[in-house]
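Based on the provided sequences and hints, a complete structural model is requested.
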Amino acid sequence: MNFPILSLILLIPVIGAILILFMKNPTLIKSTAMLVALIDFFISLPLWFLFDKNSHAMQFVEVYPWIPFINAKYAVGVDGISVLFVLLSTLITVISVSVSWKAIDKKVKEFFIMILLMETSMIGVFVSLDLLLFYAFWEAMLIPMFLLIGVWGGPNRVYASIKFVLFTFAGSVLMLVSILVLYFTGGHTFDILELMKLNLPLNMQIFLFIAFTLAFAVKVPMFPLHTWLPDAHTEAPTAGSVILAGVLLKLGAYGFLRFSMPFFPEATMMFLSLLQVLSVVAIVYGAFVTLKQTDLKRLIAYSSVSHMGFVTLGLFTLTQIGMLGGILQMINHGIVTGALFCLVGMIYERTHTRQIADYGGLKPTLPIFILFYTFFTLAAIGLPGTNSFMGEFLILCGAFLRFIPLGAFAVLGIILGTTYMIWLYYRVAYGNLNEKIKDLIYDLGPREILTLVPLLLLVLYIGFQPGVFTSYMQSSVSHLIATKFSSSMIAHTTLPLVGWLR
Amino acid sequence: MMMFKVIAPELFLIACSIFIFLSALFIKNRRTFSILAILGLLITGVWKYSLRASIFNSSFSVDSIDVLGSWIIILIAIYVILISIDDVAIPTTSYGEFLTLILTSVVGMLFMIGSRDLIILYLGLETLSLSLYILCSFYRKDKLSSEAGLKYYLMGTVATAILLYGIALIYGATGTTDFYNIAKSLSYAKVLTDPMFIVGVIAVIITFSFKSSVIPFHAWTPDTYQGAPTPITAFLATAPKTALLLAFGRFFIGSLVPIWVEPKTVLIVLSILTMVGGNLLALSQENVKRMLAFSSVSHVGYMLLGIIVGTQEGLSAILTYLIAYAIMNLGAFGVVFMLKNGDDMSTYNGLAKRYPYLAGIMMIFMFSLAGIPPTVGFIAKFQLFLAAVNAGFTSLVIVAVLMTITSAFYYLRIVMNMYMKEPDVETEVVSSDFTKGLVLSLSILVIVLGTLPSIFIH
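Which chain is which? The protein sequence lines are A and B, in order. Just remember that the numbering used here sits 8 ahead of the position in the first sequence, which is counted from 1. Just remember that the numbering used here sits 558 ahead of the position in the second sequence, which is counted from 1.
No lab work stands behind these hints, which were simulated from the structure alone. C-beta atoms are modelled at their ideal positions from N, C-alpha and C, and glycine is treated no differently. All clues given are correct.
To give an idea of the interface, some chain A residues facing chain B are shown, with a C-beta separation under 10 Å as derived from the structure:
#1 Y143
#2 F154
#3 L155
#4 G158
#5 R165
#6 A178
#7 L188
Derived pair list, reagent style DSS-like, types lysine-lysine, alpha-carbon separation capped at 27 Å:
#8 B/K979 - A/K115
#9 A/K115 - A/K32
#10 A/K114 - B/K911
Following this line, the structure appears as structure tokens:
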């Protein structure tokens, strides 16, 4: 019997939330939340060291009966793809608690309960090896996020939260029907590893693929299902935005890797060119819309659409290099965009305005802030030496390998990305200090610096040592490609749109 | 004597209700009455549990599904009695009658659940309905309450008359009213084309639809739910549904299997109408009780799926759903009851600020009703959909699933009002700590059964 490390990671935030339920003192609540988040982070660290990188098998597996009547199990485990996301989730939770320390002054207790419940449900999605368990965590996530946006958000929070829930709920309930269909065709099992071995008839694959992919595409979000994201991001409190950008959006892409591709390989091939094109559209369209934004948070939110387009493009190249890039870029985006949202949140705490026009000239006044801001802007652009560079580079390699025009359009996204980030940087950092905010701003404090430093170190670490990270995913990814997408299959499938372009 | 042994629990409960009715002349303490009634119900339940038999040529029997169904009803009745101790709108002078009526309605429901014969089903249904008509108008000074009772009464009697008519026709066509013998006689091709029989079955379906407010026979539901005393609304929304779905489910599944195609088509149409209509009508309600009324209509639509499946698996899925439904609905109505002007939507504005725990509890019930995990509502829906997909009704499940999304709109609206709006009217909690504890334990049950469903699914 192994040490139940994954269950512990899942359980600790819930226990923390229950403890907080009985507390009254806000400082005590915050410290408890911080402590719980830190404990969970440190408990998740051994995953990093003990993980066997050479194996594509699930590790740290725990299986217990859950609903024996329908053969549903409580089964958890991680492979090279999910292990990094578990670590990312625990880290992002620590950051979210830290960044909310001063920003949250109403309903403090409920807020931190929600953050901790959110942590459990996010990690639950990544580690589930049982479809029903996965779905339960997937849907359960809606509740804390709905409240995080709706209660502690900005002026349009109610609209944004409802939109968020209905989009994602509508996306995912069809997945439930598909899960049921899979359950019966797979011989009354919810076991993900068992179901992966199925060879489903193409008609069924198409139906199920659409249902699953819709659910994931809403979460990513892919164009044209992305409209909930800017609203949710803009209205959410800083911690909410950080969690959204850091982890929640990754769940959709993770779903593609874990379910859509291995379960329905033939259907994936059929829809591949459509998904590739939608990814490129998201990259370019997202970047163009980002250029026009006047609100700091909305700008970063729209840039997420563009960045996530890169991620899905990488995954749907179905080449090892592209997929590794896609996964790496998910983590990169979580770190960099999470950090940018933290920065926006910190400055918003002081000035209570997110309009870009209200800023300017921060460079001489806030040297520490600008130091971090510069750094993360460069990371977002993908300067060599930062993590995003490696991710984008690998994705583009994959795209060019697959089909040259795909890569060519995606590069356009990088140029536009540089444009909007630099332009934003110019408007915030240079020029004259705006009168409106002159008396409000002061530089970052130790807590804020401490929040950002781990992210900064990660950016550099991944930037200079990407191999360390890709080595975790490598065997899982190559196993997926080797077993499900043999090279002959890819070569022989005529992709209608690609054929037309040729 | 065997005969009496099997129906002894019901007879005992009748005796209890008569005793309470008579002693109401001398005792005026609400608590004493309530304890008596609860004891009576508990003894009946335990007694029933020890029995597994059938009598009257198998026209009344007790099996494990019956026992579970009876316990659901008994526990609902106990809950309703417990929260109505606080209800000052029910005068102490008539509190004995109130309890008597609840007990007799339980007797009626127990008879319905155990019935394997249309006549016994009819008797049970009438006993239940007559008690409910009076209970609905128990706030005598309230106009809405009188209207509720009257409407329910007029619609209900028409429905039972139709049932009687249907039974007569079925008897005419098959020569029996017994579920088992009807099924046997159906193997003769003659009966299948007999218009008399078909009209008879349709009449039974109509009565069932009336009583369990299936659209388009639901018109009485919102007014009755709104007007009736809140504890009674909670009762009305849960207990009779349990009895109706189990009893009629048995009739549809047990008798009509050889000709299952035609009645099934009718039920499929009714189920779609009910799911779609119930949810769409609930969307626009400004009164919480009315909203919950329409939501309960839609839940019956989901449960019809279990009957349409037409197997024992479907029936047990309905049972699971009924348990879940009872827990979350009783809880939601309990919160409505605990608040002054609880049926007004604006009462919930900013509730989380004034009563964070109460709002949290209500939120759990709303998420459960919407079927979002980790709540018992999700597990119930899941099991029902599982049975339906297994029987090949995937497209019907898709309709159900789409309607689930629609329902999220109005359930979330209450959560939204509680957490995201500022309080604009004075909200006041008007109930004892006991009721609060009761509702709180229901909300804990929603989560516990939602995460560890194997406790109650067998």
